[in-house]
Every structure is written in structure tokens, then in C-alpha cells.
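S.K.: Residue strings, one per chain:
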Amino acid sequence: MKKLIIAFLFISLGLFLTGCRTKEVEVPLIIYDYDDLYMQQFEELIYDNKNYNSYRFESYDSKNSQIIQNDIINDVFLDNPRVIIVNPVDRLGVYPIIEKAKEKDVPIIFINREPLKEDMYSYDQLFYVGAKPEQSAIFQADIIIDLFGGNSYYLNELDKNNDNNIQCVILKGEPGHQDAEIRTERVVQELTDRGFHIDILIIEEAYFSQEIAKEKMTDLLVEFGNTIELVISNNDAMAIGAIEVLKEEGYFVDENDNGVIDRDTETWMPVVGIDGLPIALELIDQGYLSGTVLNDSKSMALAINELTNALVTGEKLSDIMSDLEDDKYIWIDYKKYTPNDK
Amino acid sequence: MKWFKQLSIDRKLNYAVILLLSTALLFASAFIYINTYNTVDEIVEANSKEINKQIILNYENYFNDVRDLANYIELKTKEVEIANQESLHEIYSNVATLNSDTITISLVKMDGTIAATSKLNYSAYEDLTERYWFDRAIDNEEVYFFSTPHPQDVFVDSNEQVISVSKQIDYYEYSQKYSGVLLIELSTEQIDTLAKQTNLGENGHLIIISDKNQLIYSSTDKCQNSTCDSNVIARKIIIGGDFVSIDGTDMYVSINTIHGTRWRIATFINVDLIGSSKISIFFLLSTVLVVTIFISTLIASILTKQITRPLNKLKEHMTDIQHSDHLYKEVEVRGQKEVVILAAAYNEMIKEIRGLMNQLVDEQNEKRKTELIALQTQINPHFLYNTLDSIIWLSEQNDNEHVIEMVMALSRFFRISISRGKDIITIDKEIQHAKYYLKIQTIRYSNKFEYTVNVEESIKDKKVVKLILQPIIENAIHHGISTEFKGQIDISVYKKDGFIYFEVMNNGYGLTDEQIEEIYEKIQNDNHESIGLKNVVQRLKLYYGERSGIHIKSVLDESTTIQIYFPLEKG
Numbered sequence: 001m002k003k004l005i006i007a008f009l010f011i012s013l014g015l016f017l018t019g020c021r022t023k024e025v026e027v028p029l030i031i032y033d034y035d036d037l038y039m040q041q042f043e044e045l046i047y048d049n050k051n052y053n054s055y056r057f058e059s060y061d062s063k064n065s066q067i068i069q070n071d072i073i074n075d076v077f078l079d080n081p082r083v084i085i086v087n088p089v090d091r092l093g094v095y096p097i098i099e100k101a102k103e104k105d106v107p108i109i110f111i112n113r114e115p116l117k118e119d120m121y122s123y124d125q126l127f128y129v130g131a132k133p134e135q136s137a138i139f140q141a142d143i144i145i146d147l148f149g150g151n152s153y154y155l156n157e158l159d160k161n162n163d164n165n166i167q168c169v170i171l172k173g174e175p176g177h178q179d180a181e182i183r184t185e186r187v188v189q190e191l192t193d194r195g196f197h198i199d200i201l202i203i204e205e206a207y208f209s210q211e212i213a214k215e216k217m218t219d220l221l222v223e224f225g226n227t228i229e230l231v232i233s234n235n236d237a238m239a240i241g242a243i244e245v246l247k248e249e250g251y252f253v254d255e256n257d258n259g260v261i262d263r264d265t266e267t268w269m270p271v272v273g274i275d276g277l278p279i280a281l282e283l284i285d286q287g288y289l290s291g292t293v294l295n296d297s298k299s300m301a302l303a304i305n306e307l308t309n310a311l312v313t314g315e316k317l318s319d320i321m322s323d324l325e326d327d328k329y330i331w332i333d334y335k336k337y338t339p340n341d342k
Numbered sequence: 001m002k003w004f005k006q007l008s009i010d011r012k013l014n015y016a017v018i019l020l021l022s023t024a025l026l027f028a029s030a031f032i033y034i035n036t037y038n039t040v041d042e043i044v045e046a047n048s049k050e051i052n053k054q055i056i057l058n059y060e061n062y063f064n065d066v067r068d069l070a071n072y073i074e075l076k077t078k079e080v081e082i083a084n085q086e087s088l089h090e091i092y093s094n095v096a097t098l099n100s101d102t103i104t105i106s107l108v109k110m111d112g113t114i115a116a117t118s119k120l121n122y123s124a125y126e127d128l129t130e131r132y133w134f135d136r137a138i139d140n141e142e143v144y145f146f147s148t149p150h151p152q153d154v155f156v157d158s159n160e161q162v163i164s165v166s167k168q169i170d171y172y173e174y175s176q177k178y179s180g181v182l183l184i185e186l187s188t189e190q191i192d193t194l195a196k197q198t199n200l201g202e203n204g205h206l207i208i209i210s211d212k213n214q215l216i217y218s219s220t221d222k223c224q225n226s227t228c229d230s231n232v233i234a235r236k237i238i239i240g241g242d243f244v245s246i247d248g249t250d251m252y253v254s255i256n257t258i259h260g261t262r263w264r265i266a267t268f269i270n271v272d273l274i275g276s277s278k279i280s281i282f283f284l285l286s287t288v289l290v291v292t293i294f295i296s297t298l299i300a301s302i303l304t305k306q307i308t309r310p311l312n313k314l315k316e317h318m319t320d321i322q323h324s325d326h327l328y329k330e331v332e333v334r335g336q337k338e339v340v341i342l343a344a345a346y347n348e349m350i351k352e353i354r355g356l357m358n359q360l361v362d363e364q365n366e367k368r369k370t371e372l373i374a375l376q377t378q379i380n381p382h383f384l385y386n387t388l389d390s391i392i393w394l395s396e397q398n399d400n401e402h403v404i405e406m407v408m409a410l411s412r413f414f415r416i417s418i419s420r421g422k423d424i425i426t427i428d429k430e431i432q433h434a435k436y437y438l439k440i441q442t443i444r445y446s447n448k449f450e451y452t453v454n455v456e457e458s459i460k461d462k463k464v465v466k467l468i469l470q471p472i473i474e475n476a477i478h479h480g481i482s483t484e485f486k487g488q489i490d491i492s493v494y495k496k497d498g499f500i501y502f503e504v505m506n507n508g509y510g511l512t513d514e515q516i517e518e519i520y521e522k523i524q525n526d527n528h529e530s531i532g533l534k535n536v537v538q539r540l541k542l543y544y545g546e547r548s549g550i551h552i553k554s555v556l557d558e559s560t561t562i563q564i565y566f567p568l569e570k571g
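Chains as they are written, first to last, in this note's numbering: chain A, 1 to 342; chain R, 1 to 571.
Just so you know, the hints here were simulated from the structure itself, not pulled from any lab data. Certain hints may be false.
[Claimed, not checked] Here are the simulated BS3-like cross-link-like pairs (lysine-lysine), alpha carbons at most 30 Å apart as the crow flies:
#, chain 1, residue 1, chain 2, residue 2
1, R, Lys-429, R, Lys-367
2, A, Lys-104, R, Lys-53
3, A, Lys-117, R, Lys-78
4, R, Lys-53, A, Lys-117
5, R, Lys-212, A, Lys-100
6, A, Lys-100, R, Lys-236
7, A, Lys-132, A, Lys-335
8, A, Lys-132, R, Lys-305
9, A, Lys-336, A, Lys-132
10, R, Lys-212, A, Lys-63
11, A, Lys-63, R, Lys-439
12, A, Lys-160, R, Lys-76
13, A, Lys-100, R, Lys-222
14, R, Lys-236, A, Lys-102
15, R, Lys-351, R, Lys-329
16, A, Lys-63, R, Lys-53
17, R, Lys-212, A, Lys-117
18, R, Lys-53, R, Lys-305
19, R, Lys-49, A, Lys-104
20, A, Lys-335, A, Lys-63
21, R, Lys-429, R, Lys-553
22, A, Lys-102, R, Lys-212
23, R, Lys-495, R, Lys-541
24, R, Lys-422, R, Lys-448
25, A, Lys-117, R, Lys-177
26, R, Lys-496, R, Lys-553
27, R, Lys-305, R, Lys-49
28, A, Lys-328, R, Lys-212
With the rest of the complex left out, here is chain R (with noise of 0.2 Å):
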């Protein structure tokens, strides 16, 4: 189950959706199926039992018929004085007469000779104690023996196909009484007749059999003998009822036993059509499932997409977030109430965090300004300490003009780096504060470095941050001035491609541009010792951003330029 809690919510409830809905529309429609099955079946089956039972009530009546007969003729028989042939020969003619399918009525003495028929003139076989009619009434005297039919076997002009019915009756021959064979022969016709009258659909069919399972009648061509297929399965089956095939057609037999006799009737009944209806069925239930599935399928992955989608929208846009700083960004989510909702505070959430965070950078940013300057000033009572050194020790030699000088450039100096407590100024104040501080340092040099200032015309109205250029200046003597050789230092302020470049170049030894990589290192790294340089170019990116910067580059024993440089725009 481990794998289902790691599912997403969406497919959790559709799976879930889907199983039981599968689950109980599967039981639902095996259960009506079976149902179904079971019932058409039972149906069929009571219907084919119905008919079987209509077939033998058909069949029962016309042997009860046959039955009637005979105990008329039986009851006739003895009434009368049997020497008297023409009476009796009347009574049977008559009676043989008046049911069309009786054949002959004869009464048969024990000896097997005719005691009397219907037959008018007749020449009968000899001995009739042989035949199997004879046999059988002897057998069971009180029965009434239904034989299978058969070529006439009484009368020697005649070999029509009868059914011979016989009992043992008594007789009276001068008045004594005397046990005798009623034989009455039937014709087939009525049996056919009979088998005839009811559809048992196409190749539908019913068979008489004995209770030796001999093949009494077949109402179909199929079946003449005793070991076709019905027979068989009528024998096996012996009575009740069953679904069978007989040549690839369904049918259902049911067999029973005609009342009075020893014979049994096996109707064969088509069914096939329930085999196709079963299998309609089942496709129109199969059919109902699938769609009733599939729609539902359909319908529950909408509704948890109405919950999911905006859920995941939220979820995307949160661990995107994480990830980025796209925390500006609002959600916009659609959908499901609750999730609207829980979006909606979340937006006002990620308000509030913004806004919390957009002050601390502002409240980092100024504090850190202000100590960045309160460094940047920092060196100036060294400066100041040295520059009152100088102008003490030109007071002492009274060189006045260079005391006013010095002091004159030290005032304004001073004045442009508090420039009354503003950060930016002007470039042109800038420029200004370095050569106030350029002309304090050679006083103090005593001439031994010369410098150029070149500013572009254009963009001395440009603002900046106060107090960039003369840090470096002041790196550039540091470094830069020896006392080997007369230095030199250039200054150039320019725009280029939309930004402003302050440019420093002193003819120094140089650096090595392992040198170069360690004094980027330096400016880079938090930890490392204040220095000028460092200062400026953090206060530069406090200010401008990513989009300033400094660039040393050196020829050794040549010169070194430092490049510091800042956005246009900003200016």
C-alpha cells in the first residue's frame, strides 16, 4: 500500500473512483447476468415442459380413448354368447367402424385361432400364440399392451402398418367361461397426427420409445432407428428434462411416460434462440459497463482536476519559489472554493513576506551605507593628521603661498566630502574633491609626481556617489610614486556605451596578475581587512548594483589603471 500513499491526490481519487465503481458495476452486472442467464433458462425450460406435458396430455387422452374401447369391447364381449359369431363379429365391425383409426378388433382364443374379428372375410395366419402381443397379454393380465408398430401380422392379405393393442379378456363360449386375447390394431396415422400438431420449432422433434427403449415413433426423418441421437439421449436421460445438442442445435428435451402404457415420449425443442439472446445479453451488458465506466471515469477525473489543478498550480508555483526569486510573483488560481481561497492567502502571505523583505534589504542597505562612509571618512583624520604635519612644517620654512594653498584645498575638501551630509553629488564636485586632494598630496609630495585630470564635458552634471575617486587617487600614490622616478598620474572620467568610467593610471612597477587576482580576491572576500578600494566598489554596488565594478590592469614596470565603473542612467 506504500505505492498508493506516494500517488498524487488526483490519481489517488481516480483510482479510487475507478475501483469501486469497476467493483460494484462488475458485481452488479455479473449478478444481473447470472440473473438472467438463470432465469431464461427456467423459463425456457418450464416452457418446454409445458409443451412435453400439452404432448402427452394429447397423446394420454387418445390411449385413454384406445383404453375406453377396449373395456367396451371387453364388457360387450361378455355379454354376449360367444358361438354366436355373427353378434359378436357386429359388435366389433361397428364399433371398428366408428373409430376410423381402429383397423381390426378380434378376439383370439388361447389355442392362437380367431374367435371372432371385425374382419369380414378373413384368412388369418395359423398359430398366433407366437406373436409378441399375444405374449405380453398372457404376461400381465391386467394390463393393456401397447406394441410398436408393425406390419400387420394377423391376417395374411394384409401387411399394413399397426400399432396392436392387447389385453387378456374372459369370454363365455356356451356359458362357460374361457380367458381370451383382445387384440385391436391401430393405425399409425393417429400418432402422427398427433406428433404434428404442436411446433417444436425448426428440427424441433419428439420420438416415442419403449420401455426397452425401442424407437415406437420419430416424427422426424433424422431419426429411424434405435441408436440415432435422440434415442441415445432420450435412454441416457431416461425421464426429466435437459439442455442438449442434437447436430449443432440447441435443444431441450424433456421426456415422460404416457400414462396406461409403457412408452415414454421424448420432445425435442429448439432453443437456439436463447443461446443467441444470451449473448446479446451479455454484449448489452458488457456495452452498459464499459460506458457507464468510462463516463464515470470521465466525470470523476473532471471533478478532482476542479480540485487538483488549482492545488497543483499552487504547488507548482510554490516549489518554483523555492527554487527562484520569483517571489514577486502573484498566483492566480481558478477552481475548487476552498483552494481559491487558500490561494488568496497565500498571495496576501507572499504580500507580506515581499514587503517585509523589500525593508530589510532597505534597512540593510542604509545601514550599510552609512557605515561605508563612516569608513570612507574614517581615513580622513589620518589624511588630516599628515596634511596639518606638511602645512606646520611649510609654515616653519614660511612659505606662505603654499600654507593658503594647502589650507584653501583642505577646506574645500573637507567641504565636498561631507557636502552636508549628501551622497551623491555631482561629478564636477567629485573631480573637484580629487584635485583638492591631488594638490594637497604633491604639496606634500613636494613635486614628485605630475597628474592630468580629463573629464568629458558632457557629463560633469551627471550625479554619483560621493567620494569613489579619491580612494583610488590615493592608491595610485601609495603604490604608484617613487622615488626613482618622477610619477606620473592620469585621471580620465568618460561615458562609453551607456556607462561612466573613472579611470586611474599611475606609471608604478606594476603588478603581476597574480597580484591583480589577490586584490580582486580581496575586494571580494567579506572576511578580508577593510580596504580602500573594497569600500568603494562595495559602496558602488550598494548603489548601482551588479551592473558597476572595477577593473585593475597592469604592464609591468609600465603602468597600472584602475577602472571603476557605473551605470549611465543612474548617474
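Bound conformation, chain A alone (with noise of 0.2 Å):
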């Protein structure tokens, strides 16, 4: 009977032993809503650029509401973790996380949205892997300039109305978020500071969202009808949405059938957007779209695989490869997608 029992408990101890084996280093991914199709793509970047073995992510999704979001850091700030990455919904409702890291001591890799400076600087333990925001409204400028023909004074055929001011609809971000308030401001600065003149006929907040951005682009067809000269998307899906209505009220023709959409003047409009979706990719080598800056989310995804590998191993921070601005910032360059890079 004893010998029965002692047993007994060894089996019991050898399978709670295997377990609980070494387990990896777990590192939060906080995504702060994944029907946001450029985060899916982004994350699946960062998973597919682990080169490391020294952790594995978990993700999670706050469905877009900072409160989800909060639960979900009081859950993983639970397991005493070594990093967190976050992805925050609300860039100003991020210095509760801060402070909840100063005490726990952990450090965070903020992605995508990038909290307020002063938040930034209130702990040592901050990073922020992004892109300036500014930069893809000067390259969304870059590439309007390009397709009115880089001539300030005498724009080409795109001017329909001979009058040399770029008629433009602007289909704006969610309004109060860093990026649409930037991109909004910087892209028609841009193009102001480079001697183009700009006839913005309306801005129009659709909220990053495809499907809003087709509800507004109808009615705006409906009130400019083909005065609207130019589409300035505050991102791709934004853009997409405006193709789709586009398309669907008889723009973009493939007349010689060569797969291509032809730059007829009356059935073609240019759109521009940011972000660099692949679907947008897409649409640009079939003529539809006529430019996007991507974020350069392969780099973001390395940049972030390599300063989180960093945290977790305890390796240098001033040994890693990317640029780490103020110990803080690691600052990933655009890039420009036109017909031209196909």
C-alpha cells in the first residue's frame, strides 16, 4: 500500500514537473484592434521577423477601446513580464500604462501610435519603434508633385480645369489622432511650401475606415462631381473605400484591355493614399490607385524583433543596429510606391 502510494505521488511530481518545464520568455503584443487590416499585416511582419529564440510573443487585442486595452495590461503586468509591446488605442491614455511600468518595472515598446512626448520622457524604460508622421504627408506631396507633372507653374493634363490650383477632396483620419490631424496638415504644407496651389473643395473625417470613406466619397461625387481633381487619403483603406465608389459610378476603364487602367482624362481619377496595404499595392500596378508611402513596416518589424530581443537578454542597448534616437526612438524611414515601382 505505502509503496503503492509513494508511487503514485512520483507519477503526480513527474507530470506537474513536466509541466511547468523552462518555459520561453513570453512577451505581450497588445495590438490595439485587429479589424484594423494594416495592424493584422504588421503583426504577422513582426512574428514572421523573430529571429530570436530568446522569447515568443502573445497577442492580444483591445478591439479599439482603451478599457480593453487597460484590463488587458493589468492581466499580462500579472506575470511579471520583461517587456510588453503596446500598440496603444488612445495615445493619450497611454501615461496610466507608463506609471503602471514605472512601478513593475517593465519596460514597453510602444508601436504604431506614439504617445506624447512628455509621457515618453516621464520614464527611462520607453521606445518607440515608428515612423515620423510628418515624413509620409511630404511623401504623399512627393508624389502629387510628381503626378501634376513636378511643375509648379504649369501643371499637366491631371489640372482638368486649366486654372493650375490642384482641386482636391481630403479624406481625413479619425479627427484628434496624431496621424490625420499630421498627415492632413503636413501634406498640404508640403505642397504649399513647394509653390503648388491647393483648392482643398472639402475635408472629410472617415475615421481610417474603407467603409466610411465609401458613404462620404458618394455623397462627395454627388456634390463635385468632376470637379474633384485629386484624392488625398489619409491611408489606404480610406482610399481603397474611394476607388470602390469610384468604380462603381463608371471611373477606371481598361479600354485596351492590357490589364491596366488607362489615365483617361475624363474616367480617371488619381488617388493617393498612405500605409501601403497589399491590396493597395495591388490597385497601384493595375492603375486604380495612383500612389502610396508605406510605412515600412518590415524594417518597424525587424527594428521592434531586435530591441525586444535586446530587453529580454539584457544585451546593450547602444549594440543593437538601429538607430535608438534619445535612447527612446527608433525612427523607420517611408518609402514611396507609384506605377513607377512596379
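Reconstruct the complex from the two isolated chains, following the hints.
M.R.: This is the structure:
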């Protein structure tokens, strides 16, 4: 009987031990919203570019709610993580997360949405991997200038009414959102600064959403019709929404059946986006979209993994490949993508 | 475990049942309690969080409206030439009128002067660049700044409590782009209204705090500055939820940020009820536990009693038999079937043993009787030999009369001795037998002694074991007759107190107490060689049991009396 009990104890102990064999470091990757196409692809890239064995990611979906994200963060802090990666829902609302991290002495890598400077400097273990938002706007302005011939004094045939002004509509993202504000402001400013006259017919807030952009674009076509010479979108999703509406309204025709849309002035309308979604790139190749600014997601994913590994293994941050500005920021440059880059 | 093995069967069964039940029930109850406890907590937590979320959504909606309003104003401001003060004033005042909680809308230039405002006739402070809302708007260009409620600080003539919402925007003056600060002053009423919309229970309240943990709004009078309990708790928790106690009230606090602002809302929801419900669950479970264990114990003890009571009865009966002679008693057992069968078998066995034992005793008695009779008759050849010698001597003397007398007495003596093989004869016969013997002996001892025989007439027909008197008389002659004086033997037979006494007294030298003791001992001791008296006593005991016996009394140099007795009814 005693032997049986001892044997039983040993077996349970064995099972218990195998149950908790040395675990890899788990790095929570807290995404603001899985419904965001770009974040889905970005997350995939982060996973794909994990070239280290020192950790593994555990993804969480904040469902575009800071309240849910707060809950997730409270939960993951219970496991005393080595580092957490946060894609904030509300960039203004990250300060309590930082306070918590400070209390627990856990480094945070913020991605995709940049917290306020004052928050970033409130704790020395905070990092941000991303692109400077104004750069995307500058690159978008570059694409627009190329599109209209590059000469501010003599615009090409896309200036349909030949007034040397670009009549445009802007599809703006969520108001108050850093990207939306900066992109909208900087693209206009850049064009203006470089001598191009921009005639903003309207700035429509479509909240970065393809669906909302579709609704708004339908209304805009009714209101402005063919006077629109250019659609500037804060991101690709809204640009795609706009293109869908334009297609439905008879725009974009492939007259010679070569698989590429012809740039006929009557049936073609330039639309520029930002983000470089794969669908957007396809649309560029097919001639629908005139260009986008690529978030160099791959470089970001690589930098995120490099930084994560360094924080997990305790490697010196000065030894990593990416440039670390102020021991906090890794800036990744945007890339332009136009039909010429096909 | 030794003590356990030594327990009685019902104790053991009871202990085992109680132990098993208590353990199982205790575990089950503990499990249920902990489970319920956690579930209650979880439900309360989930509910509280849900309420917090709803409140936050309400506030977010409100602040979104404010931001939309600000965005609209920003857009309109860009479209208008600022030099045309009138049109901007018109836009601002229209918007302010449409939104009841918007007190003023103003555009402040970088030099701190007002470019445009919704107020009609105003007198503003001179330099507004030092206002906190102005600084914050410049610091974070793209962000709307929401201030803590403070007395209005733009216009001289008012000190209404307001929340300043500020943001840096662009405007055009003479087609030249400038930066300025848009300021919207909101009444604090709406925040209050939103807070009062949700019932947070007695003493339940909410507070709004800034990113610097300053109290922006409180729905309770108990928390009016940044050092109150609620604010300290909120500062400690930062974000998330927990069970806390404020002024002795159990609360669930949950704290979250309001989207698009730097503020947090902490909701304190009264959860006193769950404390008491937990206690009542605890008491309910405890009661159920105790009652169940009690009932189970009762049932267990009744069941085990049913098995063990008949067993114990059987056991007691058996121990009883070991220590006493109650072999004849049958045990009567009711209850558990198996034990009843066992008891019946036991009774059967006892009956069998009883029969066997009786048989054995009877056989032994018979054997003993035969032996004793044989012994008794063994004396006779010796006596016969002496008597015949006497007859021969008398014949030689030609004392024919005595010869005839003696031969006749001898003949009768033997006839009664034999009595056709019967053991029991009448007292009358026994007396006659003794008289024949005395006659023979008087002749033999040529009148060396005299004798008397007194028999109570009424008992002559009573039965008696034969040949009990003669050995005593023989003993009396033997020890009582002396050559020095004439012997006297008095025999009396009488009844007294339900007993019949045979008494033989002689006038010999008598016996000392020690000698009497010795005789008693000889009679009692089995191993001692047989004497006549012993034989008589043994036979009496065989026939009459312990109520019969012998008495020896003696007065030295005077007389010795031997008395035998036995119960009358047996005779």
C-alpha cells in the first residue's frame, strides 16, 4: 500500500514537473484593433521577422477600446513580463500604463501610435518604434507633385480645368488622431511650401475606415462630381473605399484590355494613399491607385524584434543595429510606391 | 492505528461513516463556498467594470462632441479671413448658442490677445499667454487640452466655474497663415449631469482626476480635494479595478481613461451587499453541513446499532455463560438477519450442550451411586464373617435362643440391605434395618451397650436412601463402646423445619474440636481413603443435593452426636 502511494506521488510529481518545464519568455504584443487591416499585416510581419529564440509573442486584441486595453495590461502585468509591446488605442491615455510599468519596472515598446513626448520622457524604459508622421505627408506630397508634372507653374493635363490649382478632396482619418492631423496638415503645407496651389474642396473625416470612406465619397461625387482633380487620403483603407465608389460610378476603364487602367482624363481620377497595404499595392499595379507611402513595416518589425531581444536578454541597447534616438526612439523611414515602382 | 483496531464494531463503523461523510461534505462545502465566493466577486467585478465602461462611454461621447465642435470651429476658422472679425464672431456665437454648455469660444493670438470671441461686448485680461491652457495647447500641437474646472480667467467681468478646452490651430490674417490657440470654455454642469445618470449605490460615487492626479470632478461632498480617500486610492491603483473600503463601506473601484483626454474616471460602486450575502452563504452552507452530518451520523448509528445490538446481546450472553451457570438460558435476538440466524444456531448448540451435559451428569451420578452401593455392601462380608463367628460360638454354647434370634436378624438385615435392588426404601424399613443390626451387635457384644430408637410416627412412610443409618450406628458402636462402662446409644428420627433428621448419640469419650474438624475434612476430601461416614454423606448428596449433610457434635467425656439430614419433600 505504502509503495503504491509513493509510486503515485512520484508519477504526479513527474507530470507536474513536465507541466512546468522551462518556459520561454512571453512577450505580450497588445494590438489596438485586429479589425485594422494594416495592424493585422504588421503583426504578421512582427512574427515573421522574429529571428531570436529568447522569447515568443503572445498577441492581444484591444478591440479599439482603451478600457479593454487597460484590462489586458493589468492582466499581463500580473505575470511580471520582461517587456511588453503596446500599440495604444488612445495615445493620450497611455500615461497610466506608463505609470504602472514604472511601478513594476517593466520596459514598454510602443508601436504604431506615438505617445506624447512628455509621457515618453517620464520613464527611461520606454521605446517607440515607428515613422515620423510628417514624413509620410512629405512623401505623399512628392507623389502628388510628380503626378501633376513636377512644375508648379505649369500643371499637366490632370489639372482638368487648367486653372493651375489642384482641386482636391481630403479623406481625413479620426480627428484628433496624430496621424490624421499631421498627414492632413503636412501634405497641404508641403505642397504649398513647394509652390503648388491647392484648392481644398472639402476635408471629410472618414476615420481611417474603408466603409465610412465609401459613404463619404458617394456624397462627394454627388456634390463635386468631375471638378475633383485629386483625392488625398490619410491612409490606404480610405483610398480603397474611394476607389470602390469611383469604380461603381463608371470611373477607371481599361480600354485596351492590357490589365492596366488607362489614364483617360474623363474616367480617371488620381487617388493617393498612405500605408502601403498589399491590396493598395495591387491597385497601384493595376492603375487604380496613383501612389501610396509605405510604412516600411518590415524594417519596423525587424527593429521591434531586435529591441525586444535586447531587452529580454539584457543586451546593451547601444549594440543594436537600429539607431536609437535619445535612447527611446527608433525612426524608420517611409517608402514611396507608385506605378513606376512596379 | 492500534487504538482503532481495538474499537468495538459499532464505534468503528460510526467513526468511519462520520469521518468519511465529514471529509467529503467538508470538501464539497469548501469547494462550493470558495466557488460561490469567487463567482460572486467575479460577477460584482464584471458588473462594476461594465458600469464604469458605460460611464466612460457617456463621457467620451460628450468629449467627442466637444472635439467635433472644436474641429468644426477650426475648419471654419481657416476658411474665414480673421480681419473680418464680424463673421468669425458670428460663427462662434452661433455655435456657442447651439451648444448650451459652451460658455464662450475664443481664438487667442500668440501674443496673448483675443482675435475673435463669441462674446459680444467683452473686456479681456491683457496677456493670456501665461494661462495654463495656453501653454498646454502650444506644448502639444495636435492635442486638445482639457483643463481642471477653474474660475473663468479670460474675461474680467466673470468668474464662472469653467473647463477650458484648448488647441493650437491655424488662422489666416490678410491671407497670411498664423498659429493661434482656440479656447472653448465649457460649463461644468454637463459633467455633473453625466455623473448623476448612473446609480452607484449608497455612498457610491465617481471622481475624475487628471494625469497629474489632480481632482477634476467629484460627485460626492466627501471628496473635495486631491488628498481625499477616493483620490488616494485612484492614484495608487492607476488603472484597473479592485475591492476597497472607504469609511467602512465596501466598494468596488474601477478606473479607466477617457478617450481623447488626459483624464481618468474612478467609479466607486457600493458592494456592501455582497459581503453580507457571502456571510449568509457561509451560514447556510455551515448549517447544511452540520445538519447533514448530524442526520448521517444518526442514520449511521441506527444502522450500525441494528447490526451490533444483536451481536452485542449475543456477545454478552456468551460472556455471561463463561462466568456462570446460566447455561439453560436461551438468547433471544431480533434485528439483523445474519445475527438472528447466528443466535438461532447458538441456541441450538446450547440446547445440544445442555442435553449432553445433563446426560453426562446423570451417567456420572448413576455410576457413582452404583459405586457407593457396592462400597456399602463391601462392609457386609466382614460383618457377616464376624456375625457368623458369633453364631458359631453361640451354637457351641448351645444358646439356641440367641442363635435363632441372631440368624433371623441377620437374614432380615440382608433382606432389607438388598431390598430387591431398590435404592430407596421407607424410613420404617431403614429403622428396621438398623434395629436388626443393633440386635446382632448387642448379642455379639453381650449387652455391653444399651440402645433406644425413637421414630416420629408421621414420617415412617417417607422414603429415604437405604443403608444410611447403619454405618453411623456402626461408627457409634466402634468408637463409643468401652469396656470401662456400659455403652448407651440413642437413635432418634424426626422432622424439623422441612428436614428429616437421623440422630445417633453415644456416650463415649467424645471428640475434641480438632478431631471433629478432621472428620469433616475426611468426609469432604475426595482423595482420602473411604470411610463409612463419607460414603453416607456422598450418597446423601447424590440423592438430595447440597441441602443434605452431616452434623457432628461432641461433649468431651460425655457424648457424641452424629446427625444426618435431608429435605423432607424428597423423602
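S.K.: Does Lys-53 (chain R) sit within 30 Å of Lys-104 (chain A), going by the straight-line distance between their CA atoms?
M.R.: Given pair Lys-104 (chain A), Lys-53 (chain R) holds - Cα atoms ~25 Å apart, limit 30 Å.
S.K.: Would the hint linking Lys-305 (chain R) and Lys-49 (chain R) be met if the CA-CA limit is 30 Å?
M.R.: violated (58 Å)
S.K.: Quick one, are Lys-422 (chain R) and Lys-448 (chain R) close enough, alpha carbons at most 30 Å?
M.R.: Roughly 34 Å between the alpha carbons, so the hint for Lys-422 (chain R) and Lys-448 (chain R) is violated.
S.K.: Lys-63 (chain A) and Lys-53 (chain R) were given as a pair; does the straight-line alpha-carbon distance stay at or below 30 Å?
M.R.: holds (14 Å)
S.K.: Holds or violated: Lys-102 (chain A) with Lys-212 (chain R), Cα cutoff 30 Å?
M.R.: holds (15 Å)
S.K.: Could you grab the alpha-carbon distance between Lys-100 (chain A) and Lys-236 (chain R) and see if it respects the 30 Å cut-off?
M.R.: The given pair, whose Cα atoms are some 10 Å apart, holds under the 30 Å limit.
S.K.: Between Lys-496 (chain R) and Lys-553 (chain R), is the straight-line Cα distance small enough, at 30 Å or below?
M.R.: holds (18 Å)
S.K.: Are Lys-336 (chain A) and Lys-132 (chain A) close enough, with their CA atoms no more than 30 Å apart?
M.R.: Given that 30 Å is the threshold and the Cα spacing comes to 14 Å, the pair holds.
S.K.: Are the Cα positions of Lys-117 (chain A) and Lys-177 (chain R) separated by 30 Å at most?
M.R.: holds (26 Å)
S.K.: Is the Cα-Cα distance between Lys-53 (chain R) and Lys-305 (chain R) 30 Å or less?
M.R.: With a Cα-Cα distance of about 63 Å, the restraint between Lys-53 (chain R) and Lys-305 (chain R) is violated, given a limit of 30 Å.
S.K.: With the threshold set at 30 Å, check whether the alpha-carbon distance from Lys-429 (chain R) to Lys-367 (chain R) stays at or below it.
M.R.: holds (25 Å)
S.K.: Please verify whether Lys-49 (chain R) and Lys-104 (chain A) have alpha carbons no more than 30 Å apart.
M.R.: holds (23 Å)
In this structure, the hints that do not hold are numbers 8, 11, 18, 24 and 27, in rising order.
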